[in-house]
Amino acid sequence: MLRSATFAALRVAKPAGSKGALFQAARAMSSESDSVSIDLGKSVFEGYNIEVPDTTITLSRKEAVSMYQAMQEVRRLEMAADSSYKHKLIRGFCHLCTGQEAVPVGMERALTAEDAIITAYRCHGFTYMRGASASGILAELMGRRSGVSKGKGGSMHMYAPNFYGGNGIVGAQVPLGAGIAFAQKYNNKQACSVALYGDGAANQGQVFEAFNMAKLWDLPVLFVCENNKYGMGTSASRAAANTDYYTRGQYIPGIRVNGMDVLAVRQAIAFGRKWAIEGNGPLVLEMKTYRYGGHSMSDPGTTYRTREEIQHMRST
Amino acid sequence: AEEKELRRKVSHSAIEKRRRERTNAVLCSLQDMVPGLPKSGKIQKLEILEAAAEYIRRLKLASNGAKSVHEQDSSSKDKQSDGPFGNMHHLNHHLQQERRDSCSNTTETQEPDNSTGIEYADNLDPQSGDIDSSASMSSDTSKEGSGEDTLANPGDNSDASRSSPSADPSAMEKEMSAAFKALFKQPLAARVATRTPRAVLSALRFNSTTAGESITVREALNQAIEEEMDRDEAVWLLGEEVAQYNGAYKVSKGLLDKFGPKRVVDTPITEMGFAGLAVGAAFHGTKPICEFMTFNFAMQAIDQIINSGAKTHYMSGAFAQCPIVFRGPNGAAAGVAAQHSQDYASWYGQIPGLKVVSPYDAEDAKGLMKAAIRDPNPVVVLENELMYGVSFPSSSEIASKDFVVPIGKAKIAREGTDITIATYSRPVAFALEAAEMLAKEGISVEVINLRSIRPLDLAAIVKSIKKTNHLMTVEQGFPQFGVGSEVSAQIMESEGFDYLDAPVCRITGADVPMPYAQNLESLALPDAEVIYKQAKRVLNIE
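In order, the protein sequences belong to chains A and B.
The numbering of the first sequence is my numbering, which starts it at 21 and goes up by one.
The numbering of the second sequence is my numbering, which starts it at 1150 and goes up by one.
Since the hints were made in silico from the structure, they are not lab data.
Every residue, glycine too, gets a C-beta built ideally from N, C-alpha and C.
Here are the in silico distance ranges between beta carbons for each label pair:
no., chain 1, residue 1, chain 2, residue 2, range
1, A, 112, B, 1407, 44 to 50 Å
2, A, 271, B, 1488, 30 to 36 Å
3, A, 325, B, 1558, 55 to 61 Å
4, B, 1417, A, 67, 24 to 30 Å
5, A, 319, B, 1488, 37 to 43 Å
6, B, 1407, A, 154, 49 to 55 Å
7, B, 1501, A, 236, 30 to 36 Å
One side only, chain B facing chain A, incomplete, derived with CB under 10 Å:
no., residue
8, 1421
9, 1423
10, 1424
11, 1428
12, 1429
13, 1432
14, 1435
15, 1437
16, 1460
17, 1461
18, 1466
19, 1467
Only chain A is shown next, with the shape it has when bound in the complex (with noise of 0.2 Å):
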């Protein structure tokens, strides 16, 4: 059972170059308790203007399972919306994060429930991960009044303790998500906020705004773009005079990390986190990753992008 667990977990989760070395770690753990040290590889880190953080982690069964478990339930949760949508139970737009979990769930499990999450519309995993139950969320995405935002929300208007949406303006949920670090600075809390943002909205200049005033009152956020290399039809290189987006922060130091891999979120994220709350100010992390479904239900996602590209995706 533990082994079939893990030997699927690593169809979601493998880091690149290391195939060997986690699945014969992970399989050498037979209990609960049992922790192994893996090594990420070196590709899962780039630095800018920062060194990258240790890329040997200790990840015990139990964490293993529930990540892996977690994981998986987003991809279902995702995958009934999908089908609801198909059948007319939810109306508007409907932006899911199939194939890009690890994300929402290595961050989870490296910040706390006083730390502040911020994103724009592809929001059901982070909703879900902070805490809001799958019926809320679909309740909501059907406009029931059990849905976590009363049915008055919808896809992209989802709200959590400590998390605060689901933002339907591209790019205005990141001087969002620095005015909440300003706040818990201001209250003396020792918590983070990380305000999510795509490589769409990497080039708005309210993103840059907020990067200024982050840098220059020392706030502690997270500003982390998942570049899932298209902003909506638009390639990233068709977009980005410059496609780094990790270095994008210019003043700010970055790090780019293989957002495919839970692991490597996860270190990243408490990397970054710990960084953030000893008021070294802000960090840049750019998560490369992709999402295997169009850009919202009404985009196939294909006309873009070749199906080799995403069947490749898939599979590795």
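Position chain B relative to chain A; hints supplied.
Below, chain B alone, put in the same frame as chain A:
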């Protein structure tokens, strides 16, 4: 030889010397006029100015009450015929004087090395002060300047000092002596650092007031913000130039000194960014006051105000709260042209989830600001730059720390029976002026100061229409889709319609980007004359 004579006359040092002599002469006469000052011997210019300021303050306290707005308005109109420009003229004059003062320092070798621009006359030596420090001038000098921002030029008697003090002159002299001694105990260096002539003069015209005196709109706002920041640790202020510069319009003067840089934050010129940051901070447990230098610049941030601020409480199913105040000057100023003169009341008034208020006088300003800060919803406070310097009578109620004006309730600024004029912000003054003009012809006007744009106090307007049967709205904003349009529509949908004897008349700004030329600018905005004419038209009177 003629040329040489001319060159000598216009040489810089000669000009400076003549100017210095004139300044010294004026200061000497001031020294004679102010009781309690040593009439001869060594005394510094700064001390003469300080003593004069103190004397004027005491004279004001001794005399009775402040004038009404209109009296001051008309007296100022006598002084300078070009309205708001008059203030600028005086201000510029003073600033030029200042600059010349500090320039002159470099030419005199006996000047002590300080960068505060204090000038010592040739025949006066610095007085050696004691080490003991006493209560500083700033806490003593609490008074109100004249109606406009006219600065007290030496030799220019302010209206206040012209009025004879009811106190006994000799008693005044004794008081002044004592105050003077106490004042000069403080070492000069300490006083000089904070009490440049400019600082003394600005303290003259801008200070906290006590009950029974008058208060400007600017001071009212300053007091409101200060009191609310005192009351609640979570309240903080951010905006461009609010901290070290003391506010672009000096509304946040003294707040940085009192509360420190954690709570009074200077932002970079990034409206969208800092408005978003403020909204985020409001989500997570603080109560920001976000200042926009004018609401024209808030257009850059309007997405954050509306989509992130106003709508979040609703679309999160009441999960997230946004107790934020957006404030700043709104509408036309003087000669600032098209991009700096728009009135946004109707824009923000549209948005569900937002509260919008627009004060007219000091009472409105203080009460509405306090209400806005205490309100757990996002509130937009649309102030008016030209009202900042206008004085209104104060009262102990207004001076109280819990003076709050409810949002959503209008005020009857003037009772009447023939026609109702509903308006907000600066046009209230014009409406009141027009009401005076119409009263001379036997027409009784009721002026409603709306105070709140959203929620709009329709009930007050309907109640008034039942009495007068005629309605006119006045605003400075563009005519289409404006506040007047909304009031008209709502009245038509209400029982007020049945009481109207004539269609609702909207008076608005012209449908044109604000022109620069002064005559065109006056034509683009309604004033008392326009209101007067249109009121007669509505009443069908020749």
